[in-house]
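Single-letter residue listing:
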Amino acid sequence: MSWAGKILRVDLTAGSVKSEPLNRDWAQTYLGSRGLGSKYLVSEIDPKVDPLSPANKIIWATGPLTGTMASTGGRYTVITKSPLTGAIACSNSGGYWGAELKMAGWDMVIFEGKSAKPVYLYINDDTAELRDAAHLWGQSVWQTEAMLKTSLQDPLVRVSSIGKAGENGVLYAAVINDLHRAAGRSGVGTVMGSKNLKAIAVRGTKGVGNIRDPKAFMKVTYEKKKILHDNAVTGQGLPAFGTQVLMNVINEMGALPTRNHRDVQFESAKDISAEAMATPRKSDGKAQLVTNQACFGCTIACGRISKIDASHFTVSNKPQYWGATGGLEYEAAWALGAANGVKDLETLQYATMLCNEEGIDPISFGATLGAVMELYEMGVLSKEQIGIAAPFGSAEALAFLVEETVNSRGFGKEIGQGSKRLTAKYGYPDLSMTSKGQEFPAYDGRAIQGIGLAYATSNRGGCHLRGYTVASEVLGIPIKTDPLEHEGKPELVKAFQDATAAFDSSGLCVFTTFAWGLADLAPQLQAACGEQFTTEELEKIGERIWNMEREFNNAAGFTKADDSLPKRLLTEPAKTGPAKGKVNMLAEMLPKYYAARGWDTEGRPTAETRARLSL
Amino acid sequence: MQKVLHIDPEKCTGCLQCEMACSFENYGVFATAKSRIKVFDFHETGKKVPYTCTQCDEAWCLHACPVEAITMDRLTGAKVVNETICVGCKVCTIACPFGTINYVQETGKVQKCDLCGGEPACVEACPTQAITFIDANWTGLGRMKQWADKLGNQPAAA
Chain A
1 MSWAGKILRV DLTAGSVKSE PLNRDWAQTY LGSRGLGSKY LVSEIDPKVD
51 PLSPANKIIW ATGPLTGTMA STGGRYTVIT KSPLTGAIAC SNSGGYWGAE
101 LKMAGWDMVI FEGKSAKPVY LYINDDTAEL RDAAHLWGQS VWQTEAMLKT
151 SLQDPLVRVS SIGKAGENGV LYAAVINDLH RAAGRSGVGT VMGSKNLKAI
201 AVRGTKGVGN IRDPKAFMKV TYEKKKILHD NAVTGQGLPA FGTQVLMNVI
251 NEMGALPTRN HRDVQFESAK DISAEAMATP RKSDGKAQLV TNQACFGCTI
301 ACGRISKIDA SHFTVSNKPQ YWGATGGLEY EAAWALGAAN GVKDLETLQY
351 ATMLCNEEGI DPISFGATLG AVMELYEMGV LSKEQIGIAA PFGSAEALAF
401 LVEETVNSRG FGKEIGQGSK RLTAKYGYPD LSMTSKGQEF PAYDGRAIQG
451 IGLAYATSNR GGCHLRGYTV ASEVLGIPIK TDPLEHEGKP ELVKAFQDAT
501 AAFDSSGLCV FTTFAWGLAD LAPQLQAACG EQFTTEELEK IGERIWNMER
551 EFNNAAGFTK ADDSLPKRLL TEPAKTGPAK GKVNMLAEML PKYYAARGWD
601 TEGRPTAETR ARLSL
Chain B
616 MQKVLHIDPE KCTGCLQCEM ACSFENYGVF ATAKSRIKVF DFHETGKKVP
666 YTCTQCDEAW CLHACPVEAI TMDRLTGAKV VNETICVGCK VCTIACPFGT
716 INYVQETGKV QKCDLCGGEP ACVEACPTQA ITFIDANWTG LGRMKQWADK
766 LGNQPAAA
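As given, the protein sequences belong to chains A and B, one line each in that order. Counting in my numbering, the first sequence tops out at residue 615, every number present. Counting in my numbering, the second sequence tops out at residue 773, every number present.
Errors might be hidden in some of the hints.
Unchecked claim - Just a few of them, taken from the derived set where beta-carbon distance is under 7 angstroms, the chain B residues facing chain A:
id : residue
1  : 635
2  : 641
3  : 648
4  : 659
5  : 660
6  : 661
7  : 742
Everything labelled a hint here was simulated from the structure, so no lab data went into it. Using N, Cα and C, we set each Cβ at its ideal position, and we do this for glycine too.
Just need the whole structure built from these sequences, with the hints factored in.
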């Protein structure tokens, strides 16, 4: 119940689409979205497949609570094998597209093969067809959405698409829906582009109606919305400041990676913070932040809608950027700003707009640029090579290089390969701030020990969203732990990873977990889907999903050696702040993490663990 | 006391909880496409505006209907479509200046907001009180208070 019960399988090579019943047994054991989509992927592709070959598949998946009145019920996940990392990729997005797919009557769409020419998929309730996209190829995400709404004569159609970056093989190209919501990480947009698939346009009018106990569902979802409303983070901090509420907090903790992790505090953090976004500019007397915005069904509304200063050098002759659009959230503000030492808020907004317009992950882009700037300052890269002088702090270099990267021009082509490949090419692989080839987000593993372990063990490479121990280590949710202490963190990381996998698979947003635990998710799923989804069952489902992803990666060739952090985090102590003198204690934590997981000393799930989780 | 829906676009976040509540109340499904209240997202300005029937006193739709399928609920003041009488001629959709009464292909009838019999589901669902259900005579009270505040809450002149 609450699943649509139907999946759409699209063979791009043959140009055909067909409807299949959802595997109901898997829905019971892997729930939906991340878990269920990943189960289909690992069951259908060879783990060693070349991610950019036709043999890879890519899946858009909703969860059982997507498209319902449960708060934040608008999420979907894009799942494939990543060209950036070679590991399983699983990127989650909000906006309105996921709910539209579900309301059209589909739980997920699986694409296989490769189209001979550019196509897009048009879904109108039960009917689905591949259509020619020759006129859309080479267009941005924003142009693609506008052109599809016009040509389909339907202003209410929702679009999930790639821009030029995904077409041109930028290895961290994103899938973007509703103009500025992103399934951002691991290059899911790159895989979409490799298949000559430009967009999925969806219109769903049927709705989500098969709730198991509608009366109980309405009652419990209202109760849980009240918890979100009454909570300081989800009821006040996030709607008012967005995720940017963290910028000054993390900087004061000495956990804000700065200038490619050379430093852990950014002297200009306040200039790129939530407070700065809300302060009127000298130039035009207006604040950059216009308002907040919710995704489908979300009663938190952390999204930022911003307007750039029209007189700023980046856009003064480009009126197409003067209107309101998606603004800076914390990760983008950090990656484009502190990671490069850039403190000009307007340039950061310009860069985040281009990331959305052409579809790239601002975290991987910004972090790769940080490595480029370090190599420039070391004299390894020259102004001639890069096309501009690129010292840390240069807003001009950021603006120029984001244009070059999204358009795959000049040195932007090299930045588009990510920091692991770029630093290796120039002989300094240790300067790549990545795990499994994916760039770190906005927390330093020296000042927050648990997040370092979470990065090293994340199934999709460096990532904060796979086990956000920052909640506990910084914000005290659900219990406060000491960020500088490594004891106890292996168990904490495991608990966060498993619970997050369950939340990600429900169709709801992980940001609810600032106020909710699995005990709040369970009764909503029970009312919608079935009594069996107790808190304990959800813990088990989450752990099962984690181990399934891990086994895919192991079969793809990953080993214990890949559960690693760069030397900088392990041997160069933090220079300032509360963590001064500290490095990340990964070597202490990793064996204990394996033990807590029920894995052998090489990081492989034991027979007992596999049996316990019915893998 | 008669009440009306009062909409404050400044408070709307675009979450569409109102649209889901409306479709669930009337059709038992979460389907924004079936909602009688619609939220419009003006992307260039960042503004989100919920819009639905304001229950006109001299209702154009009611007067235009050739079969008298639209009547006033005396308790709530809502103009209500009687589906057993409606013939789907759509004249009301032409008469309404605001576009808030619309044809439904699946039923062959028109639909419009009926205030849910006096307990509007959209109001309960709205997380930010952008949609409220208040005294029809005093929809301006909140705004009056805002301006009165300039006098009432300022420190006394020295």
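Hints, one by one, checked against the model:
1. A hinted interface residue such as residue 635 of chain B counts as satisfied when its beta carbon comes closer than 7 angstroms to some beta carbon of chain A; here the least separation is about 5 angstroms, so the hint holds.
2. Hint status for residue 641 of chain B: violated, given a least beta-carbon distance of 11 angstroms to chain A, over 7 angstroms.
3. The beta carbon of residue 648 of chain B comes within 4 angstroms of a beta carbon in chain A, closer than 7 angstroms, and the hint placing it at the interface holds.
4. Among the interface hints, the one on residue 659 of chain B holds; its C-beta lies about 4 angstroms from the nearest C-beta in chain A, closer than the 7 angstroms criterion.
5. About 6 angstroms separates the beta-carbon of residue 660 of chain B from the nearest beta-carbon of chain A, less than 7 angstroms, and the hint is met.
6. Evaluation of the residue 661 of chain B hint against chain A yields a held restraint, the C-beta minimum of about 4 angstroms falling below 7 angstroms.
7. With a cut of 7 angstroms, the hint placing residue 742 of chain B at the interface with chain A holds, because the nearest CB-to-CB distance is about 4 angstroms.
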